[in-house]
Every structure is written in C-alpha cells, then in structure tokens.
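**Student:** Sequence:
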Amino acid sequence: MPRRLIRSISIAPQLRPRKEKKPMIQPADVHELVSHWWFAYDNAIYDEWADMFTDDAHFTCRTDTGKTNYEEFVNADVHGKAAVLAWQTEHRKGSPHPLRHGGENVHISANRGDDADFRSYIRVSQIISGSPSDLSTALVTGTVRLEGGVLRFSALHTVLDTEESGVIGERKVF
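Just so we're aligned: the sequence shown equals residues 7 to 180 in this note's numbering.
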C-alpha cells in the first residue's frame, strides 16, 4: 500500500488574523491641506475655509519681535471655528490682492494616528509697480486631525519673521 505524505498546511499570510494598525496621516495629505488653505486664503474663497477647520480649532498669529507698527493687524489668539473664520475673514479683507502665501518645507513633526503636528515656512509676496515684492516670511506650525475621513486644522500658528538675521549660535531658535 502506498504511503501518503502528510504535509503541514499553513494559512496564507494574507488570510491570517492580524492586529489592525491605526492609519497614520500622510505627509502628502498635510501638504495638500496647507497648500489648499493658502490658495483659498489668498484668493478669498471664503466658502472653502470652514471645511478646513475643526469645530475646536485654535489659531494664533504674531510677529517674532512684537515691535512692528502693524502688530494690531497681525495679532490673533482665537478659539473655535467661528472665531477663527471671523478673524481670518476680517484680516483678509484688510490685506492686499494679489497676495501669495507660498507654503514650503511642510513636514510632520509628530504623528499620533488621527492627528499630527506639522511645521512649515511661508513666503508672502504682493505686486508693487507690476513686479512681485516680498512682504514677509513666517514659521507656520499646527496640528491636523482626521474627522470622518477628512483632514482638518485643529491648530494653526503663524509667527511672522521681523527680527534681523544674525548668527544662529548667538540666539535661541526653538
């Protein structure tokens, strides 16, 4: 009588029960949200703004020195989507057009699954005498959160650069 070979059968890896991993926010998605925000802000597309913020959003804006003649215009510390949108709308209405905020070096500094912290820079320009003119640069940090599959800002903080550049070894940066 022929002998039967008995082989052990293993479950294919894709069929094995596995521990579900929490999805992580992707850098490209953060970059997309930041880019969308600055484009919609610059072009005063007000009806797109609300979808980009959580209900408990926190927004701050200030200069790094606190010593400019436009402090009152740029200073903000507002909580809640309605307050953030109200401040942004009034601020945008008092700003030039065309105005361009170029977000760059956007990256995630902490990722907790459904929310993530990010850091970036902006370069702000306007048109004077038919040519682009630098208006400001800034450090932009914040937190984004996934809500129902949609990425939104839960915090957005802008610190405008006004301090004269100097040797980095002689100053505190972060």
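Each hint should be verified, as a subset may be incorrect.
[Said to hold, decoys possible] The calculated label-pair distances, taken between Cβ atoms and stated as ranges, are: (1) Met30 <-> Glu170: 22 to 30 Å; (2) Gly100 <-> Gly175: 35 to 43 Å; (3) Glu54 <-> Glu176: 18 to 26 Å.
[Claimed, not checked] Derived pair list, reagent style DSS-like, types lysine-lysine, alpha-carbon separation capped at 30 Å: (4) Lys73 <-> Lys178; (5) Lys99 <-> Lys87; (6) Lys87 <-> Lys73; (7) Lys99 <-> Lys73.
If you're looking for bench data, these hints aren't it; they were derived computationally from the structure. C-beta atoms are modelled at their ideal positions from N, C-alpha and C, and glycine is treated no differently.
**Student:** Hints numbered earlier in the text: which of these fail when held up against the supplied structure?
**Tutor:** Hints 1, 3 not satisfied by this model.
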